[in-house]
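**Student:** Each chain, written out:
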Amino acid sequence: MKITVAGVSKEVAEGLTVAQLVIDENVEMPQYVTVTVNDDFVEHDSFEGTVLKEGDSVEFLYFMGGGAV
Amino acid sequence: MAFTNEQIERYSRHIILKEVGAKGQKKLLNAKVLIIGAGGLGAPTAMYLAAAGVGTIGIADADEVDLSNLQRQIIHQTADVGKPKVLSAKETMEAMNPDVKVIPYHEFITSENILDIIKDYDFIIDGTDNFPAKFLINDACVMAGKPFSHAGIIRFQGQLMTYVPGQGPCYRCVFKEPPPKDAVPTCKQAGVIGAMGGVIGSLQAMEAVKYILGVGDLLTGYLLTYDALKMQFRKVKLPSDTHGCAVCGDHPTITKLIDYEQAECDGVGL
Ligand SMILES: [Zn+2]
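In order, the protein sequences belong to chains A and B.
My numbering puts the first residue of the first sequence at 1, with every later residue one more than the last.
My numbering puts the first residue of the second sequence at 1, with every later residue one more than the last.
This is chain A alone, in the form it adopts within the complex (with noise of 0.2 Å):
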């Protein structure tokens, strides 16, 4: 099936949950990403049990803190 991951559509296997895509992302530091999918937040506590669906839009949203004092 086809989801859109920030901004870029790509081919993932059907069941594919948020948990699994932040692994396949290779997400850096990823206790401290925000995620939402279409518009909406998905918990941390709810990434396993998030099962992705055909045309799902997945956003990850970093802390960005700031460069050198």
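Derived from the structure by calculation, the hints contain no laboratory data.
Glycine included, C-beta positions come from ideal geometry on N, C-alpha and C.
Now the in silico label distances, taken between C-beta atoms and shown as ranges: (1) B:GLN167 <-> A:THR4: 20 to 28 Å; (2) B:ARG234 <-> A:GLU43: 20 to 28 Å; (3) B:GLU261 <-> A:GLU28: 19 to 27 Å; (4) B:GLN71 <-> A:ILE23: 33 to 41 Å; (5) B:ALA95 <-> A:VAL51: 55 to 63 Å; (6) A:VAL8 <-> B:ILE103: 41 to 49 Å; (7) A:LYS2 <-> B:VAL81: 51 to 59 Å; (8) B:ALA51 <-> A:GLU28: 36 to 44 Å; (9) A:GLU43 <-> B:SER111: 26 to 34 Å; (10) B:LYS230 <-> A:VAL51: 27 to 35 Å.
Derived lysine-lysine pairs resembling BS3-like cross-links, with alpha carbons at most 30 Å apart: (11) A:LYS2 <-> B:LYS230; (12) A:LYS10 <-> B:LYS235; (13) A:LYS2 <-> B:LYS235; (14) A:LYS2 <-> B:LYS237; (15) A:LYS53 <-> B:LYS230; (16) B:LYS176 <-> B:LYS146; (17) A:LYS53 <-> B:LYS235; (18) B:LYS176 <-> A:LYS10; (19) B:LYS176 <-> A:LYS53; (20) A:LYS53 <-> B:LYS237.
Could you slot chain B with the ligand onto chain A? The hints should help.
**Tutor:** Relative to chain A, chain B with the ligand alone:
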């Protein structure tokens, strides 16, 4: 208040714009913007707002200018090393434009003083480099009903969002809690390209100007991300459901400001 001839000439490129005009320029001259952090983001923001004729600019930062700041904090000069950043910033802004009144706050922003400082301002710029300050600014602006621009930069990446009360999510809607101390690289550990502050700080100045003029679409409800290596901007839509947020939601659980532990290389300006 009528413009002087000098002002008509100084602001002619603004006044000629139909979105600004004489009326808009007066709005800018009457506006009050607070910039928290006189560093990589705050420097270009402050300079563009001063040049634009924003009449009152507050600038808060507890640090002194360090030689390693000059790679990106273009409001400070080599001769300013050792000087409080807010004074160096004030001198630069006032030299650029005598119409601007600069109010320096040479202190750390804390839960004790932030509400008192932001109360007189129309728009707040978060130009800080650490998560405790970012969450404090967010929570204080939500509680005080003040619009603000969030931004963060690191390495070759930047992000930006605008909060306006009642018009979309706040920073805490998106990022629930600050990451543990030193968990996410900030500050000296990671590095940043100096021009990143110029790109993202200038966008913060642009949001402030648009807010003051009341023109265009602000970055409310969106997170703008910038990847300089890919040379890619993305405007990512944020969830519009803010009901459950701990600070701006329907039943806030955060009703008092929190001073989170600072990361090791603390200090307000990037
Ligand atoms: Zn919120």
